[in-house]
Amino acid sequence: EPEVTQTPSHQVTQMGQEVILRCVPISNHLYFYWYRQILGQKVEFLVSFYNNEISEKSEIFDDQFSVERPDGSNFTLKIRSTKLEDSAMYFCASSPRGPTNEKLFFGSGTQLSVL
Amino acid sequence: AQSVTQPDIHITVSEGASLELRCNYSYGATPYLFWYVQSPGQGLQLLLKYFSGDTLVQGIKGFEAEFKRSQSSFNLRKPSVHWSDAAEYFCAVRSGNTGKLIFGQGTTLQVKP
Chain A
1 EPEVTQTPSH QVTQMGQEVI LRCVPISNHL YFYWYRQILG QKVEFLVSFY
51 NNEISEKSEI FDDQFSVERP DGSNFTLKIR STKLEDSAMY FCASSPRGPT
101 NEKLFFGSGT QLSVL
Chain B
1001 AQSVTQPDIH ITVSEGASLE LRCNYSYGAT PYLFWYVQSP GQGLQLLLKY
1051 FSGDTLVQGI KGFEAEFKRS QSSFNLRKPS VHWSDAAEYF CAVRSGNTGK
1101 LIFGQGTTLQ VKP
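Chains as they are written, first to last, in our numbering: chain A, 1 to 115; chain B, 1001 to 1113.
Read the hints as simulated data drawn from the structure, not as lab findings.
We treat Cβ as the ideally placed atom computed from N, Cα and C, and that holds for glycine.
Incorrect hints may have been included.
Said to hold, decoys possible - Between beta-carbon pairs, the in silico distance windows are:
1) B:Phe1051 - A:Ser27: 36 to 44 Å
2) A:Lys78 - B:Pro1079: 41 to 49 Å
3) A:Lys78 - B:Ser1003: 27 to 35 Å
To be verified - Straight line, CA to CA, 30 Å or less: simulated BS3-like cross-link-like pairs of lysine-lysine:
4) B:Lys1049 - A:Lys57
5) B:Lys1049 - B:Lys1068
6) A:Lys83 - B:Lys1068
7) B:Lys1068 - A:Lys103
When you get a sec, could you build the whole thing from the sequences and use the hints?
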């Protein structure tokens, strides 16, 4: 079965630094998502993206966060100035047909540690 | 506001025993409900989903779940657990029109030999 690929699997950064988390969604998918899971907490929705623009974002997704699909294959999440509380597992997901499609395919995640 | 509650943070069962993981949801309209499983080092894999129709849905790996509107529940079951089922299980409800999922806290399943 095709997979969503995320790199790196682990990222360590200093507080205040910028990080870019990378995802390669499944090739014919049109809708893309980022979720995160802080240790011991629920998986939380961050943002959904379709047709090169954000379709929905949560209150977590403030001005420090941005997403981009730079080249038609990658889907990135940028955190401009990381905070300690950004430490979490970040999951990318994609789906072929969007809101009415029932299945999101998730990557295996990037564990971000902010020191 | 929509929410999902998984009352059991951690469950331990013996291999071969039956399993039921609880999930309660709060959602105004007809919910679209999901169960995902996460094995260590892996992404979230869809086990099964409920959109409409038959309230007992079958999924992969021998799992099933029953939607009970009167109880706002969508419990996951398996008649005989295998050691490879040890993982974390997440119940989720789809919210709104963008495919956003709201997840429960997750239940960690441990399987004793």
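Verification of the hints:
1. B:Phe1051 - A:Ser27: 36 to 44 Å: Check failed, 26 Å falls outside 36 to 44 Å.
2. A:Lys78 - B:Pro1079: 41 to 49 Å: holds, 46 Å
3. A:Lys78 - B:Ser1003: 27 to 35 Å: Given a distance of about 29 Å, which is inside 27 to 35 Å, the answer is holds.
4. B:Lys1049 - A:Lys57: holds, 24 Å
5. B:Lys1049 - B:Lys1068: holds, 14 Å
6. A:Lys83 - B:Lys1068: violated, 42 Å
7. B:Lys1068 - A:Lys103: holds, 21 Å
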